[in-house]
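Input sequences plus hints: build the corresponding full structure.
Just so you know, the sequences run in chain order A and B.
For the first sequence, our numbering begins at 1 and goes up steadily by one.
For the second sequence, our numbering begins at 483 and goes up steadily by one.
Don't read these hints as lab results, they were simulated from the structure.
For glycine and all other residues, C-beta sits at the position ideal for the given N, C-alpha and C.
You may find that some hints are simply not true.
[What the hints assert, rightly or not] Residues from chain B that face chain A, not an exhaustive set, calculated with beta carbons under 10 Å:
hint, residue
1, A679
2, A1335
3, L1344
4, Q1346
5, N1350
6, N1360
7, G1418
[To be verified] Selected chain B positions facing chain A (Cβ under 10 Å, derived; list incomplete):
hint, residue
8, V1009
9, T1191
10, R1296
11, S1341
12, C1352
13, R1368
14, Y1374
15, A1377
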Amino acid sequence: MALLKYESNVRPPLVEGKKDYHQVTEDIVRPIEGPPSKLWWIGFLVSVALLLFGVYSVYREVTYGVGEWNLNKTIGWGWDITNFVWWVGIGHAGTLISAILLLFRQGWRTGVNRAAEAMTIFAVMCAGQFPIWHMGRVWMAFFVLPYPNTRGPLWVNFNSPLLWDVFAISTYFTVSLLFWYSGLIPDLATVRDRAKLKWRKYMYGLLSFGWTGSTKHWQRHESLSLVLAGLSTPLVLSVHTVVSFDFATSIVPGWHTTIFPPYFVAGAIFSGFAMVQTLLLVTRKVLKLEEYITIEHIEVMNKVIVLTGSIVGIAYLTELFIAWYGMNKYESWAFMHNRLDLFSPYGWSYYLMMGCNVLSPQIFWFRKLRRNIGLTFFMSILVNIGMWFERFVIIVTSVYRDYLPSSWSTYYSPSIYEVGFYLGTFGLFFTCYFLFSKFFPVIALAEIKHILKKSGEDFKPAMEPIEEESAETFYKEVSHHH
Amino acid sequence: MAKKKYWQSFTELNDTEAHKKLAADEFREELPFESGDGKSFTETPASRRDFLKYLGFSTAAAMAAASCETPVRKAIPYLNKPQDLVPGVADYYATTYVSGGEAIPVVAKVRDGRPIKLEGNTLSSFSRGGTSARIQASVLDLYDTARLHAPMMLSGDSRTAISMEAADKDILAGLAGGSVVLLTGTISSPTTKQVIAEFLAKYPGSKHVQFDAVSYNALLLANEATYGKKVIPSYHFDNAKVIVSLGADFLGTWLSPVEFTKQYAVGRKVNQKNPEISKHFQFESMLSLSGANSDERYTHLPSAAGTVATALLSAIQGQGAAGVDGKLKAGIEAAAKALNENKGKGLVVSGSTNKDVQIVVNAINEAIGANGTTINFASPIQTHQGVDADMETLVADMNGGKVGALIVYGVNPAYEYYNAKAFTDGVKKVKLSVSLNERLDETAESCKYIVPSHHFLESWGDAEPKAGFITMLQPTINPLFKTRQFQDSLLKWSGSAVTFDTYFKNNWTTKLGSPTAYNKALQDGVVETPAAVAGAAFNGAAVAAAVTAANALKKASKNELVVYQKVSLGDGKQANNPWLQELPDPITKATWDNYIMVSPQFGKTELGIDISDAHQADKYEVVMDKPLLNFTINKKAYKLPVLIVPGMQSNTLAIAIGYGRSEKSGRAANGVGQNAYPFLSYNGTTVDWSTADVEFEKWDGEKTPVAQTQTHSSYEGRHEVIKEVTLNDYKKNPKLIIEEREEEIGKYGGIENYTKEGTLYPTYDRPGIKWGMSIDLNSCIGCGACSVACTAENNVPVVGKSEVLRFHEMHWMRIDRYFSGDVHDSDSIQTIFQPMICQHCDNAPCENVCPVAATNHSSEGLNQMTYNRCIGTRYCANNCPFKVRRFNWLDYTGADSFADNQLTSGVGKLDDAVFMMNDSLSRMVLNPDVTVRSRGVIEKCSFCIQRLQEGKLKAKKDNRTLEDTDVKTACQQACPSDAIVFGNANNSKSEISKVRAENNERIFFALEQIHVMPNVSYLAKVRNVEKLSAVHHTEDNVPETEGKKEPAAAEKH
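See the structure below:
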């Protein structure tokens, strides 16, 4: 009977290994229930150590002043804001995967969305550190909040892109957190239900908000997911757009560019996917989840990387073209001298950026290379190095030689505490990620069960007798049953 | 009488029970902590609302209790208010800045008993209110932590403080031995001369020796030879149409720079109705401040100075420039031609310390009719009377045991004398050695007794820097320490019973005829009886021999070293002044150091750094570490950093004196640079300031940091920033600048409508006051007086070398210096100075990016900075196209709310100088009208808003509109060349409106095309040259879009 099309000829199965529902639960909840592995402990302790160094670095900076960093009268922002934009960019993939791909009904997303969302939240947490601690008087940071105060009509400055950042980032963080957590609730309930220890039952009971799995719960859960997906979708685009306004609305040649919003968003997705790759390649290996996070996922994400990498590349070339075509001598100086000139003080960083972001991802046009795990891992690191340098190039090479040659800066390289702060955010990120991987299901348990049957391969044997039936018999059987 | 009763209400009148109870219970009500059921709150479970209340209160209380406590510094108010003193209102006293022989009339601003700022005395007709960086900074010297607090005596190896009486007793006993030598700097004060005469008379066989660290002995000797008068005439640069300087830095350091700058500026101002300016030729070896301001500049080896002078003489006499060739010959002939064409309106000055060269220069001045026109023998300059040979004799006498007692005052030969060791050895052989210097300097250290003198701001006295121009000193504060004025010590040791203040008062009351006249003289600060300009009879007998001798000076060696004075430190007397140490040198923009300046040619051949190559220049300039070379100078080895400076003669090296002070001379001076005085030598008549005995080893790649505040020297053809034209082009087409501006902003509505048309946003009327400033690039000489004045007025913090190295200096007013020309052709280098402060943009890019609105625009056009609102995001600094915003990276002032957070090691370490500035003594110099900024906030020029406010209040109290005289910014007031004009631009009668209207052809706004609408306008520089030099090296790499734009004038004709 050739009428039935249960089998996709194009799509490979999304979950491999012929899993049944119970096995899925077992596979994913197992790491939570057992003691952490040695590898986990090593990773966790290294992360905590980095975090502590970060805390010390920030302590120095807050106590003694921003002079603990090597910024200067010309370069007001350096590693701090570079790191901020970089982390915010990384924080894009999660929401993109969970929201936009949900709306586009991309079934494969379920294997990776949980971890990607967690990554988003942690990345945004890391990103948030920089604009806060880069302030000269961080204890007055609350001035950026528009709260009623006793200072007369004194209010925040709604013209300032930095203020827009405050709103954009905090909104994005809140929505991402809600989205992530609401998705976690059914899974936490599963962990609760399986728990044998009292405290574990109690803790997960609290965390799962009394989820019973009733149809009403599921209905509300699904609606909430859709609503939050609808809310986050514009946020994915808006956050980095607003971040790009920090530069685009300024008058610094090299910052003042209308192309920045789409360019930044593409770059953010680019670096976000690269970071997801880095993390998942490790996670699937360490937690033995290769059957859930499959080579198909990796390939799909590599496709996104080559696409966004190329968009970013076009943006770079457009910028260069406009710098030449625009006849603005200050802008053209920023591009032709500060960046394009390889032997100028920071020329190397521009070419490093170009190499990592535009040239290297082009290898993903080849299917074989897209499916090479080792190469993917290497590339994911390379892309994030490249994207870090993109922000560095934009921020530092624009401002270090701008309008008045008298103020052109000496060579800026970070101090130990500037690097320490950056490493500290890595510590924060991985500490959170390790805790997350220990205490939360790293794959969306409930959601992955939806797609378990998407692929026909596993059901072929069961379908074979039906296949042989004639259409009439089949029709009769079906109508008889129902 | 019955007790009268007042009542407030009827209940009170009737005295009801209810009222009694109410009255009794008035304050006994329970606190409203009761819940609804009447139970006390302790008994009931707290409601949610209460819980929140307690939570809120306790959190707030805990925060209040635990919050950072700002260290409290107590100020104790007067118990009995002095009669003439109103706290918060400044008093002004006329007095005189004295350093060595130099004396400039000033007015001291005294707030609550503390002098905090010096301004030039406008009543003086020779300084005309001008000041220099050193004068501006000298108020800080008063509060120098290195000043001695009491007399001291050396016993064994240790030095102990003793009482004045004990010191006097010992010294009087020692003086009795006779052959006393009083060693001072040049004394021009008539009263002091009298005191000295009385002192010398008391001790027969004693003598007075005047020693100038920077001596002008050659001038004295040459004038004696040709005019028969051992004097230095005064000069009138204002009367000179052609100025030729043979290595004299008359704008920076030579003789009387403040006076000369005032005069020079007269000839450099452009009147656009009749654009004529003086023509300034400079022949020199190194690039000096005067050279940087000259129209035509030619370089030669230091030893060729004599040849250049004789060549100029022969060219003037119509025999052509002999003994020189190439560009130099052409230059000399051009100068001679210009001088000959302007007979009686020319002036030649020479910085040579050689008598013969000066005789030749005298002959030149005679030939061009300068004698009696631009050179005035009627009122000689008396600030430098030292005779080099006298000092030689003294040192020989001391070493020969012929000196019984030595009293040193105001000079520091143990440091300033080229052979300091011979001097200190000599001091050891003197039985009684007394230093009257203010601090434990090198000389005081070698003396047995120190009886420290007052600072000039604590002293009485007078000075006569030019004959007929007397300037008075009066104390502006009680002596801070147990010190005694120099004259008082002498009077005491002469056995006189009067103190110097009485002596001084009596002397002047007699001279002036009445106490009223004396009071007026003190009040005015000046007593002037100027004589008419006159020449002296010239005797040319010595000229022929001098020509031969001058020609013979030329040496054959390859490299020569010339020693110079920096504009900031001068002879080094004020080396312990952090403001001066941190003032960037006008030419090199280096702070906190001296170094060997070398030519780009030297850099290319000897260091392998070719700064004409953009990439090599980049590499050289983006790091503060500069080559460190091993030199052998006058047979001694030195390790000195090297800076490549365009405009240096190819084989000339130059180093500044004033550095390398001893440890005890102060925390700021200690360890800064190296002493260059030993590079001087005595030639038998005078001290030579250059030497050919200089060798160096091949550079081994070793580097050492030199803290510069500006590292890139070309303005890269950015004519929106700098506008300059040649005088001829300007005369041909006075609209050159206007045309260039039209080209830049024409498409946005042109000059007329640019404000409105250049933006998408609505524009506003700006009624009332609108502050504006105009800076004339033609008269600005780049000396930096404004910068120090601003530092003093606005409590700008000192950050020290360690922080300048990190590009963290805090100056609100800086002077950008750009070179143009071919770096390998020193004669082609043209220099331009552009004072750069906050431009107070009406459409300020810093204002809209601040998230907390900490910087905003006032209705008077000021870009204001609200420190206590600032959270330090630094976005404003990034977005400032002029890069004038300064961030408090570390706790430079000790004003932070975090205690003990100033580091002495590691990242962000602060130098000793910063701690010195935080000393409670140094802090006395702070201007109480200006907030000391804490760490973490941005600061920048405020147009001296405290002065504006004061001026406005003054006008308001007088019930009149604000006038120009009500407000002057600190930079404007300090400027010796009157390049800065400030005022209300909305008042058509104000000076600023006039300047802008009268110079509408030259006016421009920096970066006008980006529509930030600055309130600071500049007047384009007009050079009296054939053509402008092309902007140097990186021009080659300018992308197609920019085009190879020649400077404005060149492309227009």
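Hints, one by one, checked against the model:
no.: 1; hint: A679; verdict: violated (53 Å)
no.: 2; hint: A1335; verdict: holds (4 Å)
no.: 3; hint: L1344; verdict: violated (18 Å)
no.: 4; hint: Q1346; verdict: violated (13 Å)
no.: 5; hint: N1350; verdict: holds (9 Å)
no.: 6; hint: N1360; verdict: holds (4 Å)
no.: 7; hint: G1418; verdict: holds (3 Å)
no.: 8; hint: V1009; verdict: violated (44 Å)
no.: 9; hint: T1191; verdict: holds (9 Å)
no.: 10; hint: R1296; verdict: holds (8 Å)
no.: 11; hint: S1341; verdict: violated (15 Å)
no.: 12; hint: C1352; verdict: holds (7 Å)
no.: 13; hint: R1368; verdict: holds (6 Å)
no.: 14; hint: Y1374; verdict: holds (9 Å)
no.: 15; hint: A1377; verdict: violated (12 Å)
In this structure, the hints that do not hold are numbers 1, 3, 4, 8, 11 and 15, in rising order.
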